[in-house]
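K.L.:
Starting from the given sequences, assemble the full structure and let the hints guide the process.
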Amino acid sequence: MPEAMPSTEAYLMLSGTLFAIGLVGVIIRRNMITVLMAVELMMNAVNINLVAFSHRFASLEGQIFTIFIITVAAGEAAVGLAIIIQLYRLKSTINVDEARSMNG
Amino acid sequence: MSPELLVFAVIGTIAVAASILVISMRNPVHSALFLLLTFLCVAVLFVMKGAEFVGAVQVLVYAGGIMVLFLFVVMLINVRHLPDEKVLSNFWKGGFVVGLAVFLLFVTLVRPGVYHDPAPSDKALRSTYTYRHRKVKNADGTVTRKLIRRGKVVGNSEAVAMALYTDYLVPFEVASLFLLVAMIGAIVIGKRELSANEEENIPAYMLERSETEHEIKEAMSA
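Chains A and B supply the protein sequences, listed in that same order.
Residues 11 to 114 in our numbering are what the first sequence lists, from first letter to last.
Residues 63 to 284 in our numbering are what the second sequence lists, from first letter to last.
What the hints contain is simulated information worked out from the structure, not anything from laboratory work.
Within a straight-line C-alpha distance of at most 20 Å, the following computed EDC-like cross-link-like pairs (lysine to aspartate or glutamate) qualify: (1) B:LYS253 - A:GLU86; (2) B:LYS214 - A:GLU71; (3) B:LYS214 - B:ASP184; (4) B:LYS185 - B:GLU114; (5) B:LYS155 - A:ASP107; (6) B:LYS185 - A:GLU71; (7) A:LYS101 - B:GLU255.
Sample of chain B residues at the chain A side, in silico, Cβ under 8 Å: (8) VAL84; (9) SER93; (10) PHE101; (11) LEU107; (12) ALA113; (13) VAL119; (14) LEU131; (15) PHE158; (16) LEU226; (17) PRO233; (18) PHE240; (19) GLY247; (20) ILE251; (21) GLY252.
Ideal Cβ placement from N, Cα and C applies to all residues, glycine included.
P.N.:
Right, here's the structure in full:
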């Protein structure tokens, strides 16, 4: 039954939508925690793409790569949240627009 | 409409709606909870594409680990006491334009039928291979041993594990090293440095505690 599974294109569309939403979130939000969440959303969109192609081309490489991306996302979240805590201690704010002391 | 397509439509709609709510909620706790919903929907999508192990890892690491980290930080920072500023940054119009452009780019790139596969099979995602020696009789009568590679259908987890521990062993070890470095970096960055004033005046409760410890040690040794 070729029509039984949702097609790869449907997965790519969904992943593109999630990526665009994450990108909008990174740009428009000022709260640093929400910006980090939007980055995680974009990583998830990429993972959906990789898994869909792994299924389409019947190859495990996509899934292996997804596991490595999840690892990197975990490390990134840990370091990013530590930076947010330090920023809050220094400036009593988590507004990304306020963190510009290195901006010339 | 087949049940798979129905599940995909429902889960995909929930995922998109929840991700829109993630970036539009004012309170970060609500954002984090909607992000959790998105992660769970994505895990369901993984399982539907024959990636059961990745779906499980998604639930464990993202929904279990990263979300707890986010909620911890949200509660450490105590967002309610932050000044009520405007949510949108100064260039929110540009952000929407860029997002829409990227979305349209994806939609035009992914035309229906480009990746059409008449008979998708996830057998390759569940199979691995084993090596074994087999004695082969040559034409001149001598017997030699030959290495035979043989495919075997197991399960997705076993297939991923075999690939990770054989073909991708070096990236796997590098990833573990990366996690160690990230952990040390997070601890060093997040550590609060004591000011000179604080180091001179050790808080009273710490002195009290050390006295209590001393008493306990004396009582134990006596």
